[in-house]
Amino acid sequence: MKKKFDFGPYLYILPAAIIIIVFRLIPIILSFIVSFYDWTITGPGKFIGFENYITMYHDGEFWQSMLNTFYLVIFVVPISLVLSLVFANFLNGIEKLKSLFRSIYFIPTVTSMVAISIVWKIIFNQQTGLANFFLTKIGFDPMGWLAESRGVTDLFLSSLGMNFSGFIQNLSGGIGMSYNTLYLLLGGPSLALFCIIIVTIWKGLGYNTIIYLAGLQNIPKVYYEAADIDGAGKVRQFFKITWHLISPTTFYVLMMTTIVTFQVFSQIYLMTGPPVGGPLGTTKVIVYFLFDKGFGESNNLSYASAIALILFGIILTLTLFQKRLEKKVHY
Amino acid sequence: MRRSISYIILSVCGLLMVIPFIWMLTTSVKSQLEVNKGNVGFLPIEHYSTYEEDGTIYRITPVKEDGDSTYIHIFDENMYLIRSYEKVSTSDIVENKEFKLHFENYKEAFTKVPFKRYFFNTLFVSFSVVFGVLITGSLAAYAFATMRFKGRDFIFYLFISMMMVPQPVYLIPSYVLLNHMGWIDTYNALIIPWIANIFTIFLLRQQFKTIPDELFDAARIDGCGRFRTLWTLVLPLSKSVIVTAAIFGFIGSWNSFMWPLIMTDSPGLRVLQVGLSYFSQEASAQTSLLMAASTFSILPLVILFLFAQKQIIASFASSGLKG
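As they're listed, the protein sequences go chains A and B. Residue numbering for the first sequence follows my numbering, beginning at 36 and increasing consecutively. Residue numbering for the second sequence follows my numbering, beginning at -17 and increasing consecutively.
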């Protein structure tokens, strides 16, 4: 006896499927198509093949945005990871006030990026900000913060009395690279970008701490009891037991923080400039760059789409790479 | 000993985490005049000079010192300038300090731009999205978790794989699509694309799968149809996960910024985050008003968080666990 075809299950997934297909799947497919056309707000123009990608390759602004985004990622991810693991370890070791501290660290995670960007922008204000207020209170010179385009390496070495720009000048003559490129590479993120790094870490710290705390609570106590009997100290226990057993969580935190940091937008849009991405483009990140190309003056939706796809490619590659690595070191 | 080191470090770092919020609160009740003078510490204390003449105390501002005397501007009680460049003896000028909270900053910020409207828009959009997400999510998750049908796993993993695509990728084509549909600058653009959420489907499916088969069998024997089983058996057993999904949906929708910034244009459709962003450009020099606006725009979520912190933290923590 043949059963009648059952439409029921399909009816149950239909509402969700319609929305997901129309507003996710189709746009994702469309983004590839758009990137190959000369597409503006008025509609599709002619097919231009890889022209957008070629333009991008020669676009200095694109490379600077990429570099800024990489600076953001390589500072935010490790610092956030280490700090949240440290906090989680301390939190895991206490009983009283645990939930109070947990809540305090977590509040930035639930508050909106827009509101806290406004607050941090004023904190870093040169005249009326809290940052310079503290600096001058403890006897330092006030700093430019969000208005400072010089790199942190430059600022640090110059404060020690080294002539950093002279060094770059000599080096650029020596190896035949332009002064500006070499400065951006060796000068490090500008102080303005460093302010963004601080805010981004601050915002995400609570979430990572909570994730780590959950991971730590899953480690069976017997390991530590055995280590205690063997006479291993707490620091040794951390590196010999915790660090290994927590590695799946570390991979998750690493992956999520990296993906989220690659997509930083709101804090750049609200804290920097005018013009946004300043000073001297040192805080322009990739998502702001594509927003500006797509919805700014040039309104070049296809170019913006091509940039978005490059971003997607990078994130996808990193994810797959981390997944492979994770398999290798999974305990 | 070890304990106390933990507490000290946690307290110091905890303080660093909340300092921005504390400073936001204290600055929000300061007068702009004080902030502009550079009194940007935590205490809302005002500094001002007065000068007494014929038994009346006038507010003054010193302009320039000249030997033992000082040139001053004199103001009346409404802070209108009544005389300028008066020469008086410096010793007659009294320096005052006063602890004063300017709660009127909140009213001024709230009425300066239509924040009432922005709050309404955000609440309307957030509640609609959460409502939609729960309905589409529980229906789909129910099918994925309990029914057998052709293509089930393929469709499910197709959905899951799309969860990994970052927003900037579908942002531009979504704009193209919504523009084509004539939905740009309407509530539809803010609500409809978000009323199905892959993560919610995933979350609910995991929960529905934990319900023992015996319960489904019992329901079937009692003559319960599919939908009634969902409504009377599955959903009541999944309350806590539904609350989790609702909280995620609400926080995400409340805080979303880039999407509404791009998809809407007219001031009447601005959600809170977009309205706040425009306000921060318009009132960029008015620090205390900006702080007041930031405070009342994060307040609803902070209150929600304080009431449901255990549940919220547990929800976020569970998002990191695999399974």
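Think of the hints as simulated: they come from the structure by calculation, not from any bench. Glycine included, C-beta positions come from ideal geometry on N, C-alpha and C. Fair warning: there could be bad hints in the mix.
Straight line, CA to CA, 27 Å or less: simulated DSS-like cross-link-like pairs of lysine-lysine [what the hints assert, rightly or not]:
| # | chain 1 | residue 1 | chain 2 | residue 2 |
| --- | --- | --- | --- | --- |
| 1 | A | K172 | B | K79 |
| 2 | B | K69 | B | K79 |
| 3 | A | K358 | B | K191 |
| 4 | B | K132 | A | K39 |
| 5 | A | K172 | A | K256 |
| 6 | A | K133 | B | K94 |
| 7 | A | K256 | A | K131 |
| 8 | B | K19 | B | K46 |
| 9 | B | K82 | B | K94 |
| 10 | A | K133 | A | K256 |
| 11 | A | K275 | A | K362 |
| 12 | B | K19 | B | K82 |
| 13 | A | K172 | A | K275 |
| 14 | A | K269 | A | K133 |
| 15 | B | K292 | A | K256 |
| 16 | B | K89 | B | K132 |
| 17 | A | K256 | A | K269 |
| 18 | B | K292 | A | K172 |
| 19 | B | K19 | A | K172 |
| 20 | B | K94 | B | K19 |
| 21 | B | K69 | B | K19 |
| 22 | A | K133 | A | K358 |
| 23 | A | K131 | B | K292 |
| 24 | A | K39 | B | K191 |
| 25 | A | K131 | A | K269 |
| 26 | B | K89 | B | K69 |
| 27 | B | K89 | B | K19 |
Among chain B residues calculated to face chain A with C-beta under 7 Å, some are [said to hold, decoys possible]:
| # | residue |
| --- | --- |
| 28 | A122 |
| 29 | A125 |
| 30 | P150 |
| 31 | S259 |
Problem - Violating hint indices (sorted, rising) - result: When the structure is compared with the hints, numbers 5, 6, 13, 16, 18, 22 and 26 turn out to be violated.
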